[in-house]
Amino acid sequence: DSGVTQTPKHLITATGQRVTLRCSPRSGDLSVYWYQQSLDQGLQFLIQYYNGEERAKGNILERFSAQQFPDLHSELNLSSLELGDSALYFCASGRGQNTGELFFGEGSRLTVL
Amino acid sequence: GENVEQHPSTLSVQEGDSAVIKCTYSDSASNYFPWYKQELGKGPQLIIDIRSNVGEKKDQRIAVTLNKTAKHFSLHITETQPEDSAVYFCAASIRGNNNDMRFGAGTRLTVKP
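Going line by line, the protein sequences match chains A and B.
Going by this note's numbering, the letters in the first sequence line up with residues 49 to 161, in that order.
Going by this note's numbering, the letters in the second sequence line up with residues 6 to 118, in that order.
Isolated chain A, as found in the complex:
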């Protein structure tokens, strides 16, 4: 158990809809990273938050947004969903601002029909 909690584990929705994925980092970790893992692909970095502020953006679409709340949990919002958004979305947390070991949650599997 990594200590990182992600909900929901599975989500099925239709094209055009909006979903929110939630992540609670390990106790004491201030950084949260979001990744997308499509079929047979590596992890694609989406966005990072550190202590409530956006720290870095990767390949995140404009239809996606995220935030980190004062209690350090984070939410990833995916809107106007398309079939190609179907993927595993992982959250990872880390103690430091941008270095140190990453601890991954078990992921949220999104299926867009």
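Source of the hints: derived by calculation from the structure; they are not laboratory data.
Cβ atoms here follow ideal geometry from the backbone N, Cα and C, with glycine treated the same way.
Mixed in with the good hints there might be a few duds.
As the list claims (entries may be wrong) - Computed Cβ-Cβ distance ranges for the label pairs, DEER-style:
#1 Glu149(A) <-> Lys76(B): 20 to 26 Å
#2 Glu110(A) <-> Gln19(B): 46 to 52 Å
#3 Asp64(B) <-> Ser86(A): 27 to 33 Å
#4 Gln19(B) <-> Gln145(A): 42 to 48 Å
#5 Asn8(B) <-> Thr147(A): 18 to 24 Å
#6 Gly6(B) <-> Ser134(A): 22 to 28 Å
#7 Glu44(B) <-> Ser134(A): 20 to 26 Å
#8 Pro118(A) <-> Asp22(B): 49 to 55 Å
#9 Ile108(A) <-> Gln50(B): 22 to 28 Å
Unchecked claim - Straight-line distance between alpha carbons at most 20 Å, and here's what the computed SDA-like set of lysine to any residue pairs gives:
#10 Lys62(B) <-> Gly148(A)
#11 Lys42(B) <-> Gly148(A)
#12 Lys105(A) <-> Gly101(B)
#13 Lys57(A) <-> Lys47(B)
#14 Lys42(B) <-> Arg157(A)
#15 Lys47(B) <-> Arg74(A)
#16 Lys47(B) <-> Gln92(A)
#17 Lys42(B) <-> Ser50(A)
#18 Lys47(B) <-> Leu87(A)
#19 Lys117(B) <-> Pro13(B)
Unchecked claim - Stretch by stretch, here's where chain A covers chain B in the computed footprint (C-beta under 8 Å, at least three residues):
#20 46-58
#21 100-108
Starting from the known structure of chain A, arrange chain B on it as the hints suggest.
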């Protein structure tokens, strides 16, 4: 930006045999190379890492080698066991920055009893 290629995509070995997974990277400024193991239904977990100031690192049955000149690094697992079956990801980053980290596409290792 950094591009990480990983081979093979699938690998099947008999229990007790060795397994080798290879990765190449493109950015000569990369200096931190972690390996992650992802078991079915779980998030990736760091198993070993190496920095560019060393050529080899070993931890029990796993070892990682790095050739900076050729820009490639490898994961070696000896005396494989069925519980080693998982997807393995290599990654590369500059200065160990997590939001710079680029992942390979993964290798699905199957160890047959």
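Verification of the supplied hints:
Hint check: glutamate 149(A) to lysine 76(B), Cβ distance near 24 Å, so the stated range 20 to 26 Å holds. Look at glutamate 110(A) against glutamine 19(B): about 49 Å separates their beta carbons, and that is inside 46 to 52 Å. Between aspartate 64(B) and serine 86(A) the Cβ separation comes to about 30 Å, which falls inside the hinted range of 27 to 33 Å. In this structure the supplied range 42 to 48 Å holds for glutamine 19(B) paired with glutamine 145(A), their Cβ-Cβ distance being about 45 Å.
In this structure, asparagine 8(B) and threonine 147(A) meet the distance hint of 18 to 24 Å, their C-beta atoms being roughly 21 Å apart. Against the hinted window of 22 to 28 Å, the Cβ-Cβ separation of glycine 6(B) and serine 134(A) comes to about 25 Å, which satisfies the hint. For glutamate 44(B) and serine 134(A), the Cβ-Cβ distance of about 22 Å falls inside the hinted range of 20 to 26 Å, so the restraint holds. With their beta carbons about 51 Å apart, proline 118(A) and aspartate 22(B) fall inside the hinted range of 49 to 55 Å.
A beta carbon spacing of about 24 Å between isoleucine 108(A) and glutamine 50(B) agrees with the range 22 to 28 Å that was offered as a hint. A distance of roughly 18 Å separates the Cα atoms of lysine 62(B) and glycine 148(A); the hinted pair therefore holds under the 20 Å criterion. Annotation: proposed proximity of lysine 42(B) to glycine 148(A) holds, straight-line Cα distance about 17 Å (limit 20 Å). Taking the CA atoms of lysine 105(A) and glycine 101(B), the gap is near 17 Å; set against the 20 Å cutoff, the hint holds.
Between lysine 57(A) and lysine 47(B) the CA atoms are separated by roughly 11 Å; this keeps the pair inside 20 Å, and the hint holds. Restraint check: the Cα-Cα separation between lysine 42(B) and arginine 157(A) comes to about 18 Å, which is no more than 20 Å; the hinted pair holds. For the hint pairing lysine 47(B) with arginine 74(A), the CA-to-CA distance comes to about 16 Å; that is within 20 Å, so the pair holds. Annotation: proposed proximity of lysine 47(B) to glutamine 92(A) holds, straight-line Cα distance about 17 Å (limit 20 Å).
Straight-line distance between C-alpha atoms of lysine 42(B) and serine 50(A) comes to about 13 Å, which keeps the hinted pair within the 20 Å bound. Distance hint between lysine 47(B) and leucine 87(A) is fulfilled; the C-alpha atoms sit about 15 Å from each other, no more than 20 Å. For the hint linking lysine 117(B) to proline 13(B), the alpha-carbon distance of about 17 Å falls within 20 Å, and the restraint holds. Beta-carbon proximity to chain A at under 8 Å applies to 6 residues in the region 46-58 of chain B; the threshold of 3 is reached and the given coverage holds.
Counting residues of the region 100-108 of chain B whose C-beta sits closer than 8 Å to any C-beta of chain A gives 8, which meets the bar of three, so the coverage hint holds.
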